[in-house]
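Chains E and R supply the protein sequences, listed in that same order. Position 169 of the first sequence, counted from 1, bears residue number 486 in the working numbering, the numbering being contiguous throughout. Position 64 of the second sequence, counted from 1, bears residue number 73 in the working numbering, the numbering being contiguous throughout.
Treat the hints as calculated values from the structure; they're not laboratory data. Note that the coordinates shown come from a computational prediction; the quantities given were computed from them, not determined experimentally.
Derived, one-sided and incomplete: chain R residues facing chain E with beta-carbon distance under 10 Å: (1) K95; (2) P254; (3) R255; (4) D261; (5) F269; (6) F285; (7) L288; (8) V317.
Every residue, glycine too, gets a C-beta built ideally from N, C-alpha and C.
Residue-level listing of the chains:
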Amino acid sequence: MILKNIRLVLGIITLLILTFIFIDFAGLLPAEKIPLAKIQFVPALLMNSFWIVGVLLLLTLLFGRIYCSILCPMGLFQDLTGRVARIFRKKRKYTFSPERRWLRYGTLVAVLGTYVAGWSVLLSVLEPYSAFGRMVTHLLRPIYMVGNNLVAGVFNHFGNYTFYHTEIFLLGASSLIVALLTFLIIGYLAWIYGRTFCNTLCPVGTVLGFVSRFSMFRFKVHEESCNQCGLCARNCKSSCIDSKAETVDNSRCVSCFNCTTVCTKKAIRYEFSWKKSSPSTGGSEEESVASRRRFLTTLGITMLAASSQTWAKGMHLVTNKPWARKSPLSPPGSLSAEHLTIHCTACHLCVAQCPSKILKPSFLEYGVEGMMQPVMDFSHGFCNYDCTKCTEVCPNGALKKLTMDEKHATQMGIVQFIKTNCVVYTDETFCGACSEHCPTQAVSMVPYKGDLTIPFLNTAICVGCGGCEYVCPAKPAKAIYVEGNPVHLKAQKFVDNNKKEVKVDSFGF
Amino acid sequence: MKRRDFLKTAALAGLATTFKLTEGMDLMAQKTAKTALKAGGTDLVAVMGGEPALMFRKAIAELGGIGKYVKKGQKVCVKPNIGWDKTPEMGSNTNPELVAEIVRQCLQAGASEVVVFDHSCDDWRKAYKNSGIEDAAKAAGAKIMPANEVTYYRDIALPKGVKLKTAKVHQAILDCDVWINVPVLKNHEGALMTISMKNHMGIVWDRGFFHRNDLQQCIADICSLQKPAVLHVVDAYRVMKTNGPRGRAVSDVALAKAMFISADIVAVDTAATKFFGQLETMPLESVKHIALAQDLKLGTMDLSKLKVKKIQL
Numbered sequence: 318m319i320l321k322n323i324r325l326v327l328g329i330i331t332l333l334i335l336t337f338i339f340i341d342f343a344g345l346l347p348a349e350k351i352p353l354a355k356i357q358f359v360p361a362l363l364m365n366s367f368w369i370v371g372v373l374l375l376l377t378l379l380f381g382r383i384y385c386s387i388l389c390p391m392g393l394f395q396d397l398t399g400r401v402a403r404i405f406r407k408k409r410k411y412t413f414s415p416e417r418r419w420l421r422y423g424t425l426v427a428v429l430g431t432y433v434a435g436w437s438v439l440l441s442v443l444e445p446y447s448a449f450g451r452m453v454t455h456l457l458r459p460i461y462m463v464g465n466n467l468v469a470g471v472f473n474h475f476g477n478y479t480f481y482h483t484e485i486f487l488l489g490a491s492s493l494i495v496a497l498l499t500f501l502i503i504g505y506l507a508w509i510y511g512r513t514f515c516n517t518l519c520p521v522g523t524v525l526g527f528v529s530r531f532s533m534f535r536f537k538v539h540e541e542s543c544n545q546c547g548l549c550a551r552n553c554k555s556s557c558i559d560s561k562a563e564t565v566d567n568s569r570c571v572s573c574f575n576c577t578t579v580c581t582k583k584a585i586r587y588e589f590s591w592k593k594s595s596p597s598t599g600g601s602e603e604e605s606v607a608s609r610r611r612f613l614t615t616l617g618i619t620m621l622a623a624s625s626q627t628w629a630k631g632m633h634l635v636t637n638k639p640w641a642r643k644s645p646l647s648p649p650g651s652l653s654a655e656h657l658t659i660h661c662t663a664c665h666l667c668v669a670q671c672p673s674k675i676l677k678p679s680f681l682e683y684g685v686e687g688m689m690q691p692v693m694d695f696s697h698g699f700c701n702y703d704c705t706k707c708t709e710v711c712p713n714g715a716l717k718k719l720t721m722d723e724k725h726a727t728q729m730g731i732v733q734f735i736k737t738n739c740v741v742y743t744d745e746t747f748c749g750a751c752s753e754h755c756p757t758q759a760v761s762m763v764p765y766k767g768d769l770t771i772p773f774l775n776t777a778i779c780v781g782c783g784g785c786e787y788v789c790p791a792k793p794a795k796a797i798y799v800e801g802n803p804v805h806l807k808a809q810k811f812v813d814n815n816k817k818e819v820k821v822d823s824f825g826f
Numbered sequence: 010m011k012r013r014d015f016l017k018t019a020a021l022a023g024l025a026t027t028f029k030l031t032e033g034m035d036l037m038a039q040k041t042a043k044t045a046l047k048a049g050g051t052d053l054v055a056v057m058g059g060e061p062a063l064m065f066r067k068a069i070a071e072l073g074g075i076g077k078y079v080k081k082g083q084k085v086c087v088k089p090n091i092g093w094d095k096t097p098e099m100g101s102n103t104n105p106e107l108v109a110e111i112v113r114q115c116l117q118a119g120a121s122e123v124v125v126f127d128h129s130c131d132d133w134r135k136a137y138k139n140s141g142i143e144d145a146a147k148a149a150g151a152k153i154m155p156a157n158e159v160t161y162y163r164d165i166a167l168p169k170g171v172k173l174k175t176a177k178v179h180q181a182i183l184d185c186d187v188w189i190n191v192p193v194l195k196n197h198e199g200a201l202m203t204i205s206m207k208n209h210m211g212i213v214w215d216r217g218f219f220h221r222n223d224l225q226q227c228i229a230d231i232c233s234l235q236k237p238a239v240l241h242v243v244d245a246y247r248v249m250k251t252n253g254p255r256g257r258a259v260s261d262v263a264l265a266k267a268m269f270i271s272a273d274i275v276a277v278d279t280a281a282t283k284f285f286g287q288l289e290t291m292p293l294e295s296v297k298h299i300a301l302a303q304d305l306k307l308g309t310m311d312l313s314k315l316k317v318k319k320i321q322l
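So that you can see chain E by itself, here it is in the shape it has in the complex (with noise of 0.2 Å):
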């Protein structure tokens, strides 16, 4: 009962936390000090924190999957979900299913062999802590900025401006409908089920059953004190407890303590279990179901993954632009698109905390292995130069940490700038906006006709920010933009060559 209370406060802290920081758009914790996702283990793992890494496999091997129902925000969605379904049906219960361990392992390999392929998309489409970020972000995040704007409307009506309204938008419609497919397909799983993600898909509800199976301290079922009335196995929510044959299956179990509080008998008991070796085992053959299973999975992925490819040809013959990226903007302390694409595992944390929202979720700009992974847009926004929030939050280490003097010295991209597009030309009317933007002048105007003046560029100390993409007036297409450096370079320090002392004692007039 203790032990349970514990998982539940623990439980309720971390994913009230994790939760927030994913709505947060304001800013309001400070989520580069929280390190709530920095200890989830493929983060740490792809962060090389390998201590990390190591505490988290050690706490599994003492006392089983506790991280499952204490440190995953997919665990515990899917613990929220259930506690919802109950209030709808009274009369839920769980049963026990043997496992399905070919689909498990199975699994497993698949995302392992996508990965060293170099497809990091599978990881991050089933890796729990990513994508219950995608889907607080892509679906949650929007609604609490809709009630957020409600009440900041009526606060701005009688003058109070605690509150101020926030702009709105889809930040990718690839993300946003996996998100939905992973709110909907767990959501029903748990809501029917339980944990059934976490004993099948979830790699590392996998890789910790693994190491569960042997832990010190297990559950397990005294048939001396045991009258087989099945009340653990029906509150099991990992479906592990076989009651007729008084086992419990510990690859499986998620350490919530439910079947010890219930149990009536104090027949089923979490103990030492070292004194003599007897790994349960649980789960009949039913490789034929499995591999069906795995079978529809794979299909599933392959024709998502083909169908946004048809999808992406047909979106760049929609679009007239005469000028296109051939780069993606990687952000900062990314080092390179590639170094992201090997790191990231799409948790989305970086794009819902950039001030500046300019992170976006790729489609494919990284080509379908990187899908999802934050690309720098400047429709909405553009880098702002003193910030390195996005290096501060990412839990992966995607994106490396950076100083302010780093972040000023990487060039994540270089200014291009098309004449015939500008104002100055077409128009010949004063401009400027661009220079205006440009932290290190990298932009700046000098004499055209007459008095007008007109965009010259220093590629060498530009920092690709986007300031001058995000704010260039001309339209349909810009007349500025940034293409991005694959590799990110060292931008150049820009020259102060303005060192003359003025004096002035008079007023000029």
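Place chain R on chain E using the hints.
For chain R alone, kept in the frame of chain E given last:
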């Protein structure tokens, strides 16, 4: 709050938002502004050599005190330049001490509230914070208003406008009784200078339209709005002489310790441009929007016609 109360409040708010400012109300506001103009003896004050707050106190006293512009019970809007995520030393934004002093004086004159806002270019939350203006203005008793979303703007007509006939203007300007324009003096790579007139681009939503449709003319056009600022206070304490309006290093900025105040927008920008000409070459005629505003009869570039008071501290 009970659900019923909340719904009532929300319904009231909805009802209230359906009321719009009428032309008549606008004209009334304009009249008060005009009367304020006539009463003074001095037309333009130039001050030099002091700290921002002190220079403002001297200058406003010379014009007859803030009470001439702000009446008891009026809602006041103070519009500084908070364009950039830059600290005060960089000279990219209006001096926070100056903004705070103006806010304090308005409240002392009996203003019912003072609202401060700007449509920033950089992320507005960072610009408001790092410019020092949010904190300084709040401490002085002002209310800070966001300007990041189109919902904060309403359409107005600009009958005198040549290129710009309508614009979405921030509600703080439209809903106040009087507003005070507090620009900072900077060079501007696009418009050549940014002073009182260019600072009006921070009261509109769609700046892209300006840049697409003859920037200099649009700047003059927006200044012809029916409710002009009662006073333009040009902060030339730190003057950005190069790489403006954003600036990239402290060396872009000269510590000039000056200030120009007038109700005549053309005159005050003329004076400030001439002052700037001592720091960097800037022929007055090249700053086209000033002459274009004179064509719209918004003021005079001929400073000899005005009663100018120069104060050296």
